[in-house]
Amino acid sequence: MVPLENYLALSAVMFSLGVYGVLARRNAVLILMSVELMLNAVNLNFVAFAAYLDPGQIVGAIFAVFIITVAAAEVGLALAIVIRLFRNRATANVDEAATMKW
Amino acid sequence: MATEVIWWVFAILITILSAGVVFSRSVIHSAIFLIGSLAGVGVMFVLMTVEFLALTQFLIYGGAVTVLVLLALMLTRADPSGRAEKVNGPQAPFALLAGGAIATVLLVAGLSTEWVGNTEAPTNIAIETISQRLFEDYGLPFILASVLLLVALIGAIIVARQEEGE
Numbered sequence: 001m002v003p004l005e006n007y008l009a010l011s012a013v014m015f016s017l018g019v020y021g022v023l024a025r026r027n028a029v030l031i032l033m034s035v036e037l038m039l040n041a042v043n044l045n046f047v048a049f050a051a052y053l054d055p056g057q058i059v060g061a062i063f064a065v066f067i068i069t070v071a072a073a074e075v076g077l078a079l080a081i082v083i084r085l086f087r088n089r090a091t092a093n094v095d096e097a098a099t100m101k102w
Numbered sequence: 001m002a003t004e005v006i007w008w009v010f011a012i013l014i015t016i017l018s019a020g021v022v023f024s025r026s027v028i029h030s031a032i033f034l035i036g037s038l039a040g041v042g043v044m045f046v047l048m049t050v051e052f053l054a055l056t057q058f059l060i061y062g063g064a065v066t067v068l069v070l071l072a073l074m075l076t077r078a079d080p081s082g083r084a085e086k087v088n089g090p091q092a093p094f095a096l097l098a099g100g101a102i103a104t105v106l107l108v109a110g111l112s113t114e115w116v117g118n119t120e121a122p123t124n125i126a127i128e129t130i131s132q133r134l135f136e137d138y139g140l141p142f143i144l145a146s147v148l149l150l151v152a153l154i155g156a157i158i159v160a161r162q163e164e165g166e
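Quick note, the sequences are listed as chains A and B, same order. According to this note's numbering, the stretch in the first sequence is residues 1 to 102, in order. According to this note's numbering, the stretch in the second sequence is residues 1 to 166, in order.
Hints listed in this document are in silico derivations from the structure and should not be mistaken for laboratory results. Predicted, not measured: the structure shown is a model, and the values here were computed from it. Fair warning: there could be bad hints in the mix.
Unchecked claim - Below, computed lysine to any residue pairings styled on SDA-like, alpha-carbon distance capped at 20 Å:
#1 K86/B - L85/A
#2 K86/B - V59/A
#3 K86/B - S26/B
Full structure from sequences and hints, please.
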């Protein structure tokens, strides 16, 4: 069987790619997609810990269920905001949405 | 033995597809890579024998979230001619540095720690166990999550709707 460390390494790689995407991208939808990558890496970690180290309590698996719920709500709201931004400014570029920047 | 082979195939696939999401020059290609990457995570849940989360992953991420993302991409195309726009900011090299640093820290921390418990093989988490924990011990958070989804739904409609005289 595959040991726990393999899942931890895969999740670390996925999370770092997500961090790079969030910091480097300019399109708001692409940033959201990178956030989804990071959330999935975290989910992978939680479920791996639940299945390997905590099969009695499975707190990690329950946590993953709530993360998926909150991520779905987040995507729905954030995409509504992006569509609104596009309608007002004709751009989805986060660098140009700087009205409230100090 | 077969499990290891499948694991490595899908691990490499997930890594390549995730890299495609963040390095691709076309936004539509990024979204399609994202679908594959999220489905790969679902396969990982199957390999961990956590069937319920695998099903949830395929349904919510493979279906709902990626369709929503693709729809938003189509609605916010600034340049309908399809000319490649600049997708990365000037900060991209520093972002690569930050991502590499976080990868190093996470890999060293995850691989050098002595985990307490059985790290060799996963234990099957049955759907019955998850439902029991979810509805008996975590009933209140479950209800709060449903309220959160409702609020997010109403909020998304209010934010995105076309108002009179716009």
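Results of checking the hints against the structure:
no. : hint          : result
1   : K86/B - L85/A : 19 Å, holds
2   : K86/B - V59/A : 43 Å, violated
3   : K86/B - S26/B : 9 Å, holds
Of the numbered hints listed earlier, the single one contradicted by the structure is hint 2.
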